[in-house]
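Protein chains in written order, with my numbering: chain L, -6 to 1036; chain B, 1474 to 1944.
Fair warning: there could be bad hints in the mix.
Unchecked claim - Which residues of chain B face chain L? A partial, calculated answer using Cβ under 7 Å: (1) M1566; (2) N1618; (3) Q1682; (4) G1703; (5) G1706; (6) H1901; (7) G1926; (8) R1927.
By construction, these hints were calculated from the structure, which means they are not laboratory data.
Cβ atoms here follow ideal geometry from the backbone N, Cα and C, with glycine treated the same way.
Read off the chains here:
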Amino acid sequence: MASIQLLQRWVIASLLVGGTIGAAEIEFARDIQPILSEHCYSCHGPSTTSRKAGLRLDVQEGALGAGKSGKLAIVPGNAEQSELIRRLGSADPDEVMPPPETGKKPSADQVRLLKRWIQSGSRWGQHWAFVPPALPAVPKPRYWKSGNPIDAFVLAQLGSAKRLAPPAEPGRLLRRLSLDLTGLPPTPQEIVAFEGRPTREHYLQEVQRLVGSPRYGERMATDWLDLARFADTHGFQADRYRPVWPWRDWVIGAFNRHLPFDQFVQWQVAGDLLPNATQEQRLATTFNRLHLQNEEGGIVEEEYRVAYNVDRVNTFGTAFLGMTFECSRCHDHKYDPISQKEFYQFFAFFQNIDESGQSVYFGDIMPVPTLLLSTTNQETQLQGLNARIQTGEGQLQQMAEAARPAFVQWRSKGVPQPSEVSGAVARFSFDGMVSNAFSSTVGTHRAQPFEGPQSVVGRFGKALQLSGENGVSMPGIGHFSRADPFSLALWIRPALHLPRQTVIHHSSAWMDAGSRGYEILLEDGRIAVGLHHMWPGNALKVRTRQMAPVGGWTHVAFAYDGSSRASGLKVYLDGKRAEVEVVRDNLWKDITYGQPNLTIGQRMRDFGFKQGQVDELQVFDRTISPVEAAVLAGRELPTDEDSQFEHFLLTQHAPYRAAVESLLKLRREQNALVTSIPDIMVMEEMKTPKPAYVLRRGAYDQPGDSVTMETPAVMGRLPAGAPRNRLGLTQWLLDPSHPLMGRVTVNRVWQQFFGKGLVETSDNFGLQGAAPTHRDLLDWLAVSFVRGNESLGLRPWNLQDLQRLIVTSDTYRQTSNVKPKDWAEDPDNRWLARGPARRLSAEMLRDQALFASGLMVDKVGGPSVKPYHPDGLWEMTMGGGHYPLGKGDDLYRRSLYTYWKRTVPPPSMMTLDAADRSYCVVRRQATSTPLQALVLLNDPQMVEASRHVAGRMLREGGVGADQQVRYAFALVTGRRPTQQEVSVLRRLLEEQLAHFQKDIVAAERLLKVGEKPVLGEHPPAQLAAATVLAQLLFNHDETVMRR
Amino acid sequence: MNRREFFGRFGLGLGGAALSGLMAGDARAGAAGPFSGILPAGHLAPKAKRVIYLFMSGGPSQLETFDYKPELVKRTGEDLPASVRMGQRLTGMSAQQATLPMAGSIFKFARAGQSGTWISELLPWTAKVADDLCVIRSLHTEAINHDPAITFFQTGSQIAGRPSFGSWLSYGLGSANQNLPAFVVLISKDRIDQPLYSRLWGNGFLPSQHQGVLFRSGKDPVLYLQNPDGVSGESRRKLLDRWAEMEHLQFRDLGDPEINARVAQYEMAYRMQTSVPDVMNLSGEPESVFELYGPEAKNPGTFAANCLLARRLAERDVRFIQLYHPGWDQHGGLPGGIRRQCGDVDRASYALITDLKQRGMLDDTLVIWGGEFGRTNYSQGKLTATDYGRDHHPRCFSVWMAGAGIRGGVSHGRTDEFGYNIVEDPVHVHDLQATALHQLGIHHERLTFRFQGRDYRLTDVHGNVIQPILS
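Same shape as in the complex, but just chain L (with noise of 0.2 Å):
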């Protein structure tokens, strides 16, 4: 904030300076807006709700026109008749703008310049973000000679009189080149090799050894994942693990094979829209899925539904738009012209996946819905199994075709009213109860009664009078799965008619379960019967048209054939097929987990069975015909052909009844290998859009208008032709001629390298942002990035050629070392007269302290790994037990491997800034603090580095303390040390060697922290002082800074 106020101090002054500055040159969106919006919008910008007097002050028509006082707040030519000048000049405490109260009150610079600007005809203009870039023409200034485009710019801000800095000294430039491309600094023998041959092409060389190297994809992706709030937990209460690391795989790769960037946004956004979407355009769309979740057990489901959806509204502003939308989902934009409306109009682009607010608390289940993440192998046994399950069912079909003649035969002979149905694995009464159970009349099976459910007066003797919380639970029966066929039957009253009873059902629970199993529900009176594997992306489902009436019985039966479909699942009332609509036709991972009881009446937190009645409970491992289901109950058999010829194929005809169970043998396999590969939740667009609507304050639970998928006007309407929904938007967003994806994203990429965006408030272009310190520099790098330029060889959304024009420039290259009078003058290095110099981040101090000790396991990619940690941590969280510290290769990865519980993050890393893995972040802090010091001087991972570097020491460094000791230097900072500093680290030795000798014990000790021991034999005080030289070194400016 305070460099903006900088900035706009900077600006003012030079147009006010001398007063020689005519009038034209003040430019409404760069001078007057951002007074406007700091002291004055939010009571009379964009927000209706907000807005006094009837004025604004954001569009030229409200400026201009009069407010309810009938006064003009603006007169163009006529500073002294504008209200507004009038007000901000008031003296009376009830009349002066902006009030008291608010606490802002604009500098005296800056009333001139508005006066100013108002006495020259107040041209106005729109916000510099809002209007697309136009390519703009390199500047020739007097010290341009590297003809690269970006150190013209640079040069012409400076003013003419100014030179850039010279180069960085070949071993920093190499150490800062090496650490912005990969994360890494290179060795001391690239330093060395570079040292002695500091040319352009040499230095072009080792840009392209970089950028080449699988390094440079784990370095880009670490922003990445911030970016997308990454995180391998789910972030609520009991913080689940979600393995999503394939999706952080993907990412590591796409920037190593130089994906465009335009396609690796694409198929973020909307991979799964893309015409024949492949498995890793789909699987780029986890990046949409990546928000906290909920297993909470009794939170509002629709409430933590639109918490994820607003996340991913607020991910793609910040990431994509630097826009701020959160602002907007309550009320209209106070800044920012972007109504309440509009947000939703956005919202509605992003909430059209079949996925529940309730993650699942028991057992490990994606959240819905998911990809199949199948190798190639296992895709090709897959499709050879569906193949053969669909040759097996065609000649199912053809068997039942050629049945017909056989059929006829039977039938002719009149159709056997069968007295029993065979296949049944229970059969309960519920007639009389023995030690506290019912028997099952087939087999050992019991159904033992829970918080006491009656015995009253039955369809056929008693029957069970269940309240809604009590119920009967039946171990050991039904645990089928989704490839068997099986069918269930009873009889039920009903006593009242609600939205939800649950008749009966065998899972763990509802929603914090994912309803994984099958169920029969009663739905304001209407039977639904369901099979999930998580409700509702991976589920079945259909519901009859027909009721069951209250207070009198009906028969319930449903027969399911294993085929995981709709169609396989039929169910009757009363013997008679009934008519259903498919709620949900999407089952295709197992139904089964653990081996839950079969339970009538009730389930957890879920709404039971309130005062219903149950009798003459049957189960059957197979499917029933029609005919069955009438025999079952006790209704006139059915004499259409149809039953009949079911009835014939599924009892009688021995043939196709061999076809079922080969099929189903088939179906088993198929199931078992699809059960065994692990999914991924992805966006998976619904066929019908879910319905949208402006939540009034933004409660879930305040559904206002309805609204429809747009974008926000100020940003341009969907192209023409662009379909309505995600990848429409993917189409909008990376049109070259939009305002604000160009100059997002490559004000991001400069961040990367110089540590501050040219806006420096990266994460927002908005009217309160800041404002950029070189506009037509970001304009021209914005332009040339999306368009491309042929002639500099930037290719169009090519990451690579963008980052080699930005390394390759002066600007990029010069020293960070200058004169104290130039630190005085930019502190900020705001206008880049001289190099880059900033902390590294949490996650390069980590990996440089592995990598130079030889520590580092350079392996990419893979589940995330658990390094040292300290201990108590996890201890504290909902079942966390014990930090499961890894082992061996597992303690040495790169820190983008470390696995990240969102409610103890890493505490090492969030020490040292790393970003909060909660929402989407595109610029971390940089602090300093006391806890950092402790962090490098006293984590095991540090000292057992340092050990390391010791032993490097040791055992490479050549003989003498002195060359010993300039070889640690160089190893761990990457130059050679001045005289000075090899005498001050000499006598450290030397103390320390003193205090170890005097006691080994001491120096054992410290050569035990850390696993790994360290290669070859040496005296404990010598290795030990050598320690501590390198914990020195660890926490070196020279180590802990890129200059």
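Since chain L is already given, all that's left is putting chain B on it; use the hints.
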């Protein structure tokens, strides 16, 4: 080079100037002045210099502690009338119950102190300081589940990622102590039911020096505070001396002021290595103090020990001392559970108030006691003569405040005879936050931080100071 020499060489006033805020901050913010926050003078005359917040995590039942409901006791077993519930939402844990049987407290209440404040028999010690407490019976919140509710209390927003109360204070007022963090967190051991997350004391988008620092009982009271095994104080001292020499050489060569700022941070880190164990070492406290706090105070990590530690931190002018005592989430078996919980905190809460008062510190220390929401007046699960449970209830619950210009012996706000809805003087979470800030001399609408283009504050866009409870 001796201790003085170590930092003296720099001659840049490092001991102070670079340390803005206690955990001094942005390397370039040196100009902000020693230890000051962004509001060097505050907005108003402050009553409180510091806050001790006794957070009862899990949601203690108001009906067994501070909100006496004889009518509810009479109607125990009856279904909650729809006219009382008014269709307000329930959690997914009891929304499906076929009946919602009302359950009065099985514990007795009596009037305490001259003020006659109603307090339950479970809190006999607290009752002794009733005249120092302002009991607010009409608190309400928006969240109905633990995670968002506790996040709401600690950060003013249900959504993760905003700065916590203590961080705002550190940011606004800075630190009054050169050797300790401005914001310290203490958690009772062995009582975890609902989790506590580091984001509850996180700095959100504020600079990270304003992060709360967790002090733990045991050998490493602050993460990474201890020297590595085998490294003595003397060895470390010498390492730091040589290190400072190296930094000095580097500064001479480069002239980057950030080098000096970092040296100041290391100085502070070194001091903390002594000051933190010092403050946590209770052995110097006289026996009379342990008699006051009770025997548990000698057992590190208990609530009693943490209360005593809180007093010691308050003496050293730590701005915000956040205690967490988890274990209040009694969905079932409430009578037994709440008896145990009250047993944990009752005497120590009393002792803390008494101790502060005896030392004249209650006048400028604001103490707050309470959880993230209350509990339902109906039983979750089975209601028997001796046992019942209660679900989360955001619509009314009780907290108390004491000290620093808060009127003692006052009961503020009233709930209906069923203990379900508020009928008088509702107090929102943001109101409580606004009031606490007010006592600290801060106008809650004016302590803001601009992030992603918006000026954020602890109280979001709400909050009113509860004037009637101020003296």
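Okay, the hints, checked on the actual structure:
Because the beta carbon of M1566 of chain B sits about 4 Å from the nearest beta carbon in chain L, less than 7 Å, this interface hint is met. At a threshold of 7 Å, the smallest CB-CB gap from N1618 of chain B to chain L is about 5 Å, leaving the interface hint in force. With a cut of 7 Å, the hint placing Q1682 of chain B at the interface with chain L holds, because the nearest CB-to-CB distance is about 5 Å. Hint on G1703 of chain B holds. Least Cβ distance to chain L is approximately 3 Å, under the 7 Å limit.
Taking 7 Å as the C-beta cut-off, the interface hint given for G1706 of chain B is violated, the closest approach to chain L being about 11 Å. Checking H1901 of chain B against chain L: minimum C-beta separation of about 14 Å lies over 7 Å; hint violated. At about 4 Å, the closest approach between the beta carbon of G1926 of chain B and any beta carbon in chain L falls short of 7 Å, and the interface hint on this residue holds. Given hint, R1927 of chain B at the interface with chain L, holds; its Cβ is 6 Å from that chain's nearest Cβ, closer than 7 Å.
Taken one by one, the earlier hints fail for this structure at numbers 5 and 6, listed in ascending order.
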